[in-house]
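Based on the hints, put chain Y in the right spot on chain P.
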Amino acid sequence: MKFTGTHKFTTPEGQEYSLLGIEMTQRYRHTVGFSDPFYQGIDQGLLRATRCSGCGASWFPPRRYCPEDQSETVWYDLSGTGRIVAATRVHIPPPFGGVKVPYVLASIRLDGVDGGITHRVLTEEPPESGSLVVARFDGADPDRPPLHPLLRLAFEIQETTK
Amino acid sequence: MTRFVGFRADAGIRDLVAEAARNALLDAGSSLSAIDLGVAAYESDHFNRQMSLGHVLAETVGLTGKPTVRVEGGGATGALAIQTAVTAIQAGSARAVLVFGGETNGRSVDRATATEILALSADFEWEMPLFGTFAAPYALMITEHMRRYGTTAEQFAEIAVKNRRIALHNPDAHKGMSITVGEVRGSAPLADPYRLFDASLLSDGAAAVLLATRDWAQAHSPTFRDRPPVAIAGTAAVTDHPRLSDRPEEMFPHFAAKRLAARQAYRMAGIDHPSEQIDLAEVYDSFSGAELQAYEDLGFCPVGEGGQAAGEGRFDLDGLIPVNTSGGLLGRGSAVGATGIAQAVEVVRQLRGEVEGERAVSDPRIGVTDTHAGVGALAVVNVFERLA
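Chains as they are written, first to last, in this note's numbering: chain P, 1 to 162; chain Y, 1001 to 1388.
Isolated chain P, as found in the complex:
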């Protein structure tokens, strides 16, 4: 924590008040816990989900225990394809950087699992609801500033043939 000095502030009514300048920075080592295999999957170009070893229900985002019957789950690989429910163009950058604005954000139903993800789609215009997408992975690059691993994943519009 840092005290940066007392600043005088005058209200529109002409009253003067003292404001204390305070800066706080927090540094964390944030464990991804049970989801670690998902993050390792991003390094390997794979999307991973979990399936209940008891009832077979599938879960994404991954869960350690099945909420339906409390059995342990097992990891499996997804195809990386999905379908857009809704998409928007966002004009404010996400907090960890690494994304140029505007960018397209979509709610995506993932194939092969009863679940979805809200993620980037690498396109200029927000795609129509129902558009098919496929995951794309960026390798970690030691020459670039570190990028949050979730941002090394993105989705591309999948060309469709009728």
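These are computed hints drawn from the structure, not numbers from a lab. For each residue, glycine too, the CB sits at the ideal point set by N, CA and C. It is possible that part of the hints are untrue.
[Claimed, not checked] Covered, in the sense of this in silico footprint (three residues per stretch, anywhere, with C-beta under 8 Å from a C-beta of chain Y), are these stretches of chain P:
no.: 1; segment: 12-21
no.: 2; segment: 35-49
no.: 3; segment: 87-98
no.: 4; segment: 102-110
no.: 5; segment: 148-157
Same frame as chain P, now just chain Y:
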């Protein structure tokens, strides 16, 4: 309550809450000595810069020696605090409860820092790295609402215009404005289709209410018999999947938790036909489109008709159910911990006939407050009824 403002240089969080609590006690004519419990409502240590703020505020208010519980429920914090007080009274563990809440969401931090702190209420593990503004998930919901029901950006811009216009007449409001649909659509883009004027305000403010049994009020509140008594006739809190993409697709453009909370609270209050029986409502207009979605989920109009209702002003001051007679979060403003309590203050003032001028609702009997956390991860609906 206090006035909601962009920055109170003359009052920190403790001063704000003390002011609101004092106003509540003076209104009731009651002293603190006969109060059994304090409920403190605030959302974020990041904004208030004080951990364990609940009992600090209790001491500031003058409740030292009595129990105090702190309640947090995101945007629904204040309404959840009121529900906590109701539960304590129903359980017989308290006869009178002072509910006080506040937040310094205003300019004690710059806008970028405020946005960053607020982003923490998205799922830190799976969402926050992807979007730094809550405009994004709200935009996804309303985009699907537009696709499914033909809702237009001009229709929800009408809500941004309405609530800011109403706020011009509320002396407690942060920022009333006289703006047009064109000006809303022409303001800076946040996440398509939402623009800056579709987004609600970040305010400094506090609010407090005193809840008690009728016997307590008759014994300890000299003003009680001079005014029509107002009861909490129904209250419900319901959760939903916090992450938008985990929700069933058919409910994607809707607040499922709000729909369930409304149903439960209405059942408790004996409301079978909300659009006919409810006389006014304070609705959680964090974004303009969220108000028209709430029209549907609170049962004020059929599902899919919210856009049309907004466009024709069906829930304006002279409408079927006046919605956000305070100016809402868009005009009165939002100091998170205080917001649900400030809604209750507005509804109670209306039910007692204390609101004057064009904001006054004619002879209302039942008023509803609606708040939610995140994009509907927790919804709290409280129903207030004038008994005489």
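These are the hints, each one checked on the structure:
no.	hint	verdict
1	12-21	holds (count 3)
2	35-49	violated (count 1)
3	87-98	holds (count 10)
4	102-110	holds (count 6)
5	148-157	holds (count 3)
Consistency note: the structure conflicts with earlier hint 2 alone.
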